[in-house]
Amino acid sequence: MIRYIGRRLVTMIPTFFGITIVTFVLMHLPPGDPVAAQVGEGGMRASAAANAELIEEYRRAHFLDLPLFVNTRPDDMPKQVQRLVERLPDPERGSWAARQLVLRGGIILPVLLPKLARLPEEQRAGALAVLSRIAERIGATEDLEQAADPTAFWTGYWELHRIDFRPANADRLVRRYARRGSPAVLAELRTLDSFIVPSVVDALGRDPAGGELDRLSTLISLVTGREVVYRVGEPESRRRETIADWKEWWFKHESDYATFRGPARFVAMATETRYFKWASRIGSLSFGLSSRDQRPIADKLREKAPVTLLVASLSVFFAYLFAIPLGVFSAVRRGRLADRAIAVVLFVAASMPGFWVGMNLIRTIGRAGWLPIRGLTSAGYEEMSLWGKAIDLTSHLAMPVFCLTYVSIAALSRYQRVAMLEVVRQDYIRTARAKGVAPRGVIWKHAMRNALLPVVTLLGLQLPFLLGGSVIIEQLFSINGMGLETFEAILYRDYNWTMAVVTLSAVLTMAGVLVADILYALVDPRIGFGGRRSRGR
Amino acid sequence: MSFLRLVPVILAAFLISCISSGRDRKRDGGRERSATDGGRPAACACEDRWRIEPAGRDVPGTGGTPEPGGTMVVHADSEPPHFNYMLKPDAMATWIAMHDVLETLVRLDPRTLEIVPELAERWEVSDEGKTITFHLRSGVEWHDGRPFSSADVAFTFDRLMDPNVLAAAQRADFENVDRWEAPDERTFVLRLKWVHFATMPNLDHLQILPRHVFARGDFNNHPANRAPVGTGPFVLDHWTPGDEIVLVKNRRYWGRPAWLDRVIYRVVRDRSVAFEMCKRGEIDLMWRLLPEQVADQLDPELLSRYNLVQYWPFKTAFWVYNTRRPFFREARVRRALTMLIDRDMIRCSVERCLSRVVGQLYPPEQPVGQPPIPPIPFDPERAKAILDEAGWRDSDGDGVRDKRIDGKLVPFRFTFLATAGSTSLQRQAAIVQNELRRAGIDMDIQQTDWVVFSERLREHEFDAGSLLWVFDSPAIDLFSIFHSSQASGGGVNYGAWRHAEADRILDEARHVLDASRRNAMYHRLSELVAEEQPYTVMLNQANNSLVSKRLHGVYTSIAWYQERDVWIPRAEQ
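Residue numbers (numbering that gives the first Met the number 0), protein chains in the order written: chain A, 0 to 536; chain B, 0 to 572.
Treat the hints as calculated values from the structure; they're not laboratory data.
One or more hints might be untrue.
[As the list claims (entries may be wrong)] Label-pair distances were calculated between CB atoms; the ranges are: (1) B:VAL367 with A:GLU85: 38 to 48 Å; (2) A:ARG82 with B:ASP295: 43 to 53 Å; (3) B:ARG190 with A:SER377: 30 to 40 Å.
[Stated by the list, open to error] Selected chain A positions facing chain B (Cβ under 7 Å, derived; list incomplete): (4) SER46; (5) GLN293; (6) ASP298; (7) ARG301; (8) ALA304; (9) PRO305; (10) LEU308; (11) GLU381; (12) GLU382.
[Stated by the list, open to error] Coverage of chain B stretches by chain A, computed from C-beta distances (three or more under 8 Å per stretch; other residues unrestricted): (13) 164-172; (14) 254-268; (15) 348-362; (16) 376-384; (17) 402-415; (18) 480-490.
For every residue, glycine included, the Cβ atom is placed at its ideal position computed from N, Cα and C.
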């Protein structure tokens, strides 16, 4: 049995990635993307240039500028610099391009300086303005101001300093500074400005201890203008957070600083894609940020999944609790008044939409003040006694769980009825009757186990529903669950949330099928686990 | 057994009776449609059923001497993503936190809409308007007890202009800012590249953020965005997602403290359920009531406990025409289209008289000191004459007007784009569709979700669409909406309307600080827009709220209700 489960688990891995790839493609097929939702909400005040800027910033932040699976022309820092420099003379977007270049900092020098003299006039003017801002950071302002011709100054500067702008040099300096933190090395590092970023990220990847991390994080904050720093003496959790934060930043911004050449270029063709960016985080169970509120998906899942799990599992439980006896009862009384009456009532119930029933419950029971009509708990829930909590929760759950339950009772009990009818016709049941077992014993002891098979299969398929939630019931009763969030995520193209839900549903469905198969074997001894015995047949 | 045979019959009878009673109910609301099909629209008149006033008035019967204490429960129909307006100008976040939790240098007075001091005590303008020196209030504390200083203001501007920060939308409000300095603890200097009249009003929305809180960590998803530390009269106590957001009184507020002890924003996603909660007395303030709720569901019992508060916000619905389409190219054709839209009928039947027909984007009271532009009256006969005159005739006899443009016969057939989910918009479009068909214009209605809608508008991939124009300040620069430079590249001049005189006015007016001169210029612009009709301005929609009679000190404002001025008599706390 364990081997069987192991084999099933192994085949699940390719299935899982297959599902995610298909979903990934399907999700991107409909028109519109999260950027549209973001820009539209900015109101009608923003200018065209600002909107274009917003779109570009936003696309980059969520990898929407990357292709889905294969990136034939991976973008890297030199290419970006090239593009941004070309855009500098543009009256509307020029200032944005300049800001982006200044933000990149010293790392653009090896790309920009060698060709500075050959740039067209208006691009060069813009580039010089950018360089004068970078000069402040690398401590060259005074020399620059004394120079008669800035272009000549920068060309000369490059001749003199190109030897320093080598990754090996940066690596060496960063390592030395991380170990000892001497001010002389720091001064030298400052002249390289953001050129040291890849080296610092490398060093951060080696899980630096407190003192080293203090110096490294200070260093990278200085050159990127993004202050996430760890100080010696702060708790261990803070140390891990800081490293994770910078890793996450590098994950997003690698192509702003890195140069993809040679083999790195081929790797980048696969890694600089939307699917890879998504899939590479799955291992650590991080689903990225929600595009709607910039919160980590994992946090939102932790908040909403238990709520839905509670409501849905209760409704599944009650559905089975009522459906199975009802089904058995109808099967036993087949064709009699009770059977027909149950059928009519259940069909009428199943055809009443949940929102209509819910609204009517709110307007009657709710208006009379018998039950609360929103949320899962009352104000002051935390201070209640255990008993008070139970009563409060039950009264809040009663109506939503009812609305979710009554619909599925009909279908389930029909399944149970048919299954039972099938079983009671079998020979062994006749045998049991013939040897004089009481009718009640025949049904509950002999027939029941076999008649449960179909509904057990269905139970396996209910697992994803436990996390899916219900849009309408959640909306109506203001339940903070998965359904409404998923609905809105689809409306606003929150790809990360959608993917997270699909991934979880895929896992749960596969787990559900597996569990159902195992339950089969437990309920029915004739079904085995595909061992040697059954293979021989 | 005979009873069993009867069951399906009884059931069928029951179902039929359900359907027909449903139809009876619907007939009331659907009256106009059957009536218009027959010929002339049935008379539909809005007698003076509602008493709707401009914003900025006291709610009658809520005066008196304020008494401190008490809790107010407010309906929240959605949850904000966070409270950082710089990153996302969310309406709910604005209502909850703007000026109440997080404050700004200056603000627009909620009653008068004048610029009044907030964190800046006073300010001087020099260098022909290009330098603004703010003198900050002393003795202001952040909610965590740390002192507020000019470093915080400088930090806020640093972040606003930081390319690492996803704040492009608000950055655009300050595109004219050159530099800023904080020469000492109490002084902040803003230097501008060019003078823009909206700079000061825009400061009303630039929340000053605490440097010491944001100094570390990624600004874009900093925890303090959802747990704001401000200087305002209320402190965010806790936020239980999906349930409630609770503010408590800031007892160390620099100004007059708020009267209320607590304000609870109770999240109720469904508006009918929120209405039920009012009936149960669980909500003190519910805003944005649906027209049906106001017109049909307010019973005397409810009105004995709640005031129905109605006012005119700066909220106008309009239809935009893509002027690049052959049939919308000419101004007179667009005017004819407006004449074919029976706005009075829509107002009366769809909006339940809770709106007014207007002729300009601004409400008639704005801009101050200028007469309102009268709406073009509904006049199908005159519209048909104009269309004939413009060459749009039904030459091939298929019932749809057409015109030969560049050798090709173009039928007057266009698609109206609407966001899905709004029933009132569907009904509105159906009324117009009928009237247009009678005039030989074929309008198709297409619904899409908001994401696709906004993308198609921005890409100018539409014929006509419906938009709602909501703003919260009388000093709005109309540049982005009407200037021809904004007709491409992601601008919001969706209709791609180009007009030389309008461009000239827009280029000039944004630099004019003198309000009356600027208002006169914008009035001229409104006249041009009315003449050219790139938009059919439809209706200024009223804001309807239920306000518990427990609440006193309530007044209306386009910046919503001001929690800090609300109080509850001790007997009713």
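Verification of the supplied hints:
1. B:VAL367 with A:GLU85: 38 to 48 Å: holds (47 Å)
2. A:ARG82 with B:ASP295: 43 to 53 Å: Distance hint for ARG82 of chain A, ASP295 of chain B is violated at roughly 59 Å.
3. B:ARG190 with A:SER377: 30 to 40 Å: violated (54 Å)
4. SER46: Hint on SER46 of chain A: holds, closest Cβ of chain B at ~5 Å, below 7 Å.
5. GLN293: Since chain B brings a Cβ to about 4 Å from GLN293 of chain A, closer than 7 Å, the hint holds.
6. ASP298: violated (10 Å)
7. ARG301: Nearest chain B Cβ about 11 Å off; hint violated.
8. ALA304: Violated. Min distance 12 Å.
9. PRO305: Not OK, violated: PRO305 of chain A not within 7 Å of chain B, min 12 Å.
10. LEU308: violated (15 Å)
11. GLU381: Check failed: Cβ of GLU381 of chain A comes no nearer than 10 Å to chain B, outside 7 Å.
12. GLU382: Since the shortest Cβ distance to chain B is 14 Å, the answer is violated.
13. 164-172: holds (count 6)
14. 254-268: Since three or more residues must qualify, the claim that chain A covers the segment 254-268 of chain B holds, with 5 doing so at under 8 Å.
15. 348-362: violated (count 0)
16. 376-384: Check failed, 0 qualifying residues.
17. 402-415: violated (count 0)
18. 480-490: The restraint on the segment 480-490 of chain B holds, since 7 of its residues have a Cβ under 8 Å from chain A and three suffice.
Hint compliance for this structure: hints 2, 3, 6, 7, 8, 9, 10, 11, 12, 15, 16, 17 are broken, all remaining hints hold.
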